[in-house]
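Asks: These protein sequence lines map, in sequence, to chains A and B. Residue numbering for the first sequence follows full-length UniProt numbering, beginning at 1 and increasing consecutively. Residue numbering for the second sequence follows full-length UniProt numbering, beginning at 1 and increasing consecutively.
Quick caveat, the hints were computed from the structure, so don't treat them as lab data. Cβ coordinates follow ideal geometry from the N, Cα and C atoms, glycine included.
Computed footprint of chain B on chain A, listed as stretches where at least three residues anywhere in the stretch have a Cβ under 8 Å from a Cβ of chain B:
1) 60 to 69
2) 72 to 78
3) 91 to 97
This is what each chain is made of:
Number of protein chains: 2
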Amino acid sequence: MTATRSVLAAQATDFPRWFQDVIAKAELAENGPVRGTMVVRPYGYAIWELLQEAMNRRIKATGAVNAYFPLLIPESYLQREAEHVEGFSPELAVVTHAGGKQLEEPAVIRPTSETMIGEYMAKWIQSYRDLPLLLNQWANAVRWELRPRLFLRTTEFLWQEGHTAHASAADARAYATRILYDVYRAVMVDVLAIPVVPGRKTRRERFAGAVNTMTLEAMTGDGKALQLGTAHELGQNFARAFDIGYLSSEGRRELAWTTSWGSTTRLVGGLIMVHGDDAGLRVPPAVAPVQVVVLAVKDEAIAAAHTIADELTAQGVRVTVDDRADQPFGRRAVNWELKGVPVRIEVGPRDLSAGVATVVRRLRDSAKTTVNRTDLAATVVAAIDADQAHLLAEATERQVSRIADVATVEEAIEAAASGWARLPYDAVGEEGEDRLGESGITVRCLQRPDGSLPVEDNEPGLTAYVARSY
Amino acid sequence: MTATRSVLAAQATDFPRWFQDVIAKAELAENGPVRGTMVVRPYGYAIWELLQEAMNRRIKATGAVNAYFPLLIPESYLQREAEHVEGFSPELAVVTHAGGKQLEEPAVIRPTSETMIGEYMAKWIQSYRDLPLLLNQWANAVRWELRPRLFLRTTEFLWQEGHTAHASAADARAYATRILYDVYRAVMVDVLAIPVVPGRKTRRERFAGAVNTMTLEAMTGDGKALQLGTAHELGQNFARAFDIGYLSSEGRRELAWTTSWGSTTRLVGGLIMVHGDDAGLRVPPAVAPVQVVVLAVKDEAIAAAHTIADELTAQGVRVTVDDRADQPFGRRAVNWELKGVPVRIEVGPRDLSAGVATVVRRLRDSAKTTVNRTDLAATVVAAIDADQAHLLAEATERQVSRIADVATVEEAIEAAASGWARLPYDAVGEEGEDRLGESGITVRCLQRPDGSLPVEDNEPGLTAYVARSY
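Whenever a hint applies, use it, and build me the whole structure from the sequences.
Replies: This is the structure:
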């Protein structure tokens, strides 16, 4: 594994550089030609596809349906909601010319689609019978980023954005909360093996146009925070701006209550930053495009490698055979480590005659064990399940151990040098947020003492999670 | 069904208007706010999702892998291939401002990604071992259309675009041909129940930058042609422009041969135009979001409707229950007809006591039959399979019967008033294409006498298919 370490910066020395190196060497993505854009390479995209499938299934289970709204939004739409346009204006990409002519009204490339979808919700909703209206779309979006970083903050990103309309504030809140927990947290924890802290954003960290932003925050390998998904209560702000109204069962005209919620290709960045180690990526089996690689050490082992692969495929395992026996074994092994494939099976001529194979579990310190050929499939299938759980346990342990309970903003600033801080929000307040901000630290989210989410900005007795973030 | 007919223009009277009406009334899509853009509504998108799944599976079976390339292409990229930029320039949407500033180099929104992907192929391909490189992406694209029409020609459309590089012209051709037949034609015929005529485009109808465009042409309900998918041999044009080279096994530096191929949301338009009738849409079961609707005529039948639906769901049928017993039965039935749901099961109180249900097969003249409750599930499952095949047979029959064999351009022009014409291309030629063009008619494609595809532009003895088109 020495060879691997040499191609990547060490995490402890320069984590952001390590992150860049892993993305390049594991062939996950690279920079696009227009500043801040990203090319997602096949291996990175395959992870995204598996993640997307898991997310899409859970979104549909909440009753939402997929649709597709245009990329190009008339500039005037954004201007209808004051906070929204103020928040997004600096990040817009604008189409001024098309078809060889200047456009009468410039069109912006969607930074998010509240305004576009608001316009259509207003048309489609007539009566209380049409509510709730639960829409989702899988799409690209563009926000001109000042400090782009692959997967985490790219000028163009891929995401799902959900947009719903409800007959009451309570119904809107209940649905957005369900998305936060049953969709986002479920995918993060059960699929990506990433523990997350749920909470409410403070006023200053809120989505532009929302009355409440709920977030899920993950801890990266270097102890920073990464926001992985948000669900917003939009109150009646967009309903008012786009006239999303309905006739109640009593025959009165009422304004709807809307929500929006999004999760992006940043989730792949989260997976890298939470699970990766100095040898490279470590992919949770649930989203691993290759769960098992069978490595034929020499030509004589190629046929056996394929037989093993077929057995595993029959058990529903995603498996690939590395039969490039003409290339150095060590380099191939290191490459699969870099790519974070959970289980590597090595088969050489000697193994064959001894009726065994070597199993290397990437998610468990790459410990090697010799397994009888007859037990191989069962052992590997069990390892896949166990190691998915192991990754989550490991990340949870780190998260718990690196959150320091402190009492003051000064202590929080000190603690945030190496992890997160947790302290009473009453000891922070808006003034404390200013001071944290001067040190590049933010309040990631607020929770009630029992871990549940506050429903008001100024509930007393809240706990603040404070950290540096990506 | 009289009620339905009144909400749609009659096909025989005004087919394009009927098309628009169906899209609106079946809630498939509507116009976006920026001219030519499209909102794909949930019902239309659900059809697209099923189609996409079928297409994606077959694309992957050819060995291609999915990736994602940026939406924004530097303007200079397009200029590197002379024919390509000439062909696409008039249709480009250009981003001149972003992040509050004018861009140093304007970026175009991808009209197609040969140039973007060519740039990365050049980086990723080193030796013959890296070939073939088989990439695909699911994405949106923008081409500023002069005469937009929902699904058929929208300013923004959804599609998959495949881009591959090969070590030889023969390999490139073989792969593009495989995509044409094993992916595109397979999906059109086996999934969408749309018979298609494969052929080679004439020089003037070719993709900008290609040396050969292969196409699949469908016949619409009004006897016109609709190009549903194309695969292009790009020769070494883009390899030269982007320096996509490789070291051969003999150690020589060679230029690669590339292909590209695309299919779009137009396929949904094709489905509507090929199968729809005066009562509305008719959706092939393979892509029907709802294959069976169980309609409870009265409140007393709601429980039974759900039981029937559960039985069908258990058999893998996509089924929905219409339990809006408080709304007029006739209006509900007409609505499901409009949406083209293949099978409708009607259950009323009298049916219940007689132990029967009424089955209406939308894809077979909506004939009603009374079926014993015990035979219901088996009957419906059999009907779904049979009616998928029936749709294809019906469309094939129409296509065959409306292609007229003629001998001259004049006869072709006459025949194209009500269908397609087929004649020797030697009797047309480039001069004949001009004359056809004056009447708004084009050569859709060329075939050899045995139905196979010509590999040269000027092969003698070719058959031309000639028609008006959408």
